[in-house]
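**Student:** Sequence:
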Amino acid sequence: MFDPMSELGGSTSQSDDEGAADGNAAARGRSSGNGAFAQEVHSVTIHARQRTFYVDLKESSHGKFFKVSEKSRGGQKTTIMFDAEDLDKFIEAFQEMKSKV
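73 is the number that our numbering gives to position 72 of the sequence shown; each next residue is one higher, with no gaps.
Among the clues, some could well be false.
Stated by the list, open to error - Across the chosen pairs, the derived CB separations fall in these ranges:
1) A49 - I92: 16 to 22 Å
2) F38 - A94: 25 to 31 Å
3) K78 - S100: 17 to 23 Å
4) V102 - H63: 15 to 21 Å
5) F91 - Q40: 17 to 23 Å
6) V45 - K90: 17 to 23 Å
Claimed, not checked - DSSO-like, lysine-lysine: derived pairs with alpha carbons at most 27 Å apart:
7) K65 - K78
8) K101 - K72
9) K78 - K90
10) K101 - K65
11) K90 - K72
12) K99 - K78
13) K65 - K90
14) K101 - K90
Quick caveat, the hints were computed from the structure, so don't treat them as lab data. Glycine is no exception: its CB is placed at the ideal position from the N, C-alpha and C atoms.
Start from the sequences, fold in the hints, and give me the full structure.
**Tutor:** Shown next, in the form of structure tokens:
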């Protein structure tokens with residue numbers, strides 16, 4: 002199984018944050034520190050209260066994966082990644098949670 006975390010190389014650079022802030026998916030980090038590349042396939046930005054979320058579909062030589070990043074107004078950034086094949090599990094979990102709201 003593909004490990005999307007293997008695509009992460011180093012820390013996020015300032016230019017990555019600038020690209021994310023203006024919603025330009027292509028400007029966000031494509032290269033990791035080990036020389037491997039993950040290409041942006043599609044990106045969606047969600048503005049919610051005090052946070053901005055970026056949902057990116059990426060593709061590398063290992064396959065497609067999702068990268069979901071949250072950035073608070075204070076600048077703190079959190080990211081999770083999961084295989085594209087697991088998308089239905091996440092959708093089911095969100096639908097279950099939505100029914101409880």
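**Student:** Determine for every hint whether it applies to the structure shown.
**Tutor:** Here's how the hints hold up against the structure:
One distance hint, 16 to 22 Å for the beta-carbon pair A49 and I92, holds here, with the actual separation near 18 Å. Taking the beta carbon of each, F38 and A94 are about 30 Å apart, inside 25 to 31 Å as hinted. At about 30 Å, the CB distance of K78 to S100 disagrees with the hint of 17 to 23 Å. A C-beta distance of roughly 35 Å is found between V102 and H63, which places it outside the suggested range of 15 to 21 Å.
At about 21 Å, the beta-carbon gap between F91 and Q40 stays in the expected band of 17 to 23 Å. For the pair V45 and K90, the supplied restraint of 17 to 23 Å holds, since their beta-carbon distance comes to about 19 Å. Of the pairs offered as hints, the one joining K65 and K78 holds, with about 22 Å between alpha carbons and a cut-off of 27 Å not exceeded. The suggested pairing of K101 with K72 holds, with an alpha-carbon distance near 26 Å, which does not exceed 27 Å.
A distance of roughly 24 Å separates the Cα atoms of K78 and K90; the hinted pair therefore holds under the 27 Å criterion. About 31 Å separates the Cα atoms of K101 and K65, which puts this hinted pair outside 27 Å; it is violated. Under the criterion of a C-alpha separation no larger than 27 Å, the hint pairing K90 with K72 is consistent with the structure, at around 24 Å. About 25 Å separates the Cα atoms of K99 and K78, which keeps this hinted pair within 27 Å; it holds.
Note on K65 and K90: the hinted pairing holds, with a Cα-Cα distance of about 16 Å set against a maximum of 27 Å. Under the criterion of a C-alpha separation no larger than 27 Å, the hint pairing K101 with K90 is consistent with the structure, at around 17 Å.
Going through the hint list in order, the structure does not satisfy hints 3, 4 and 10.
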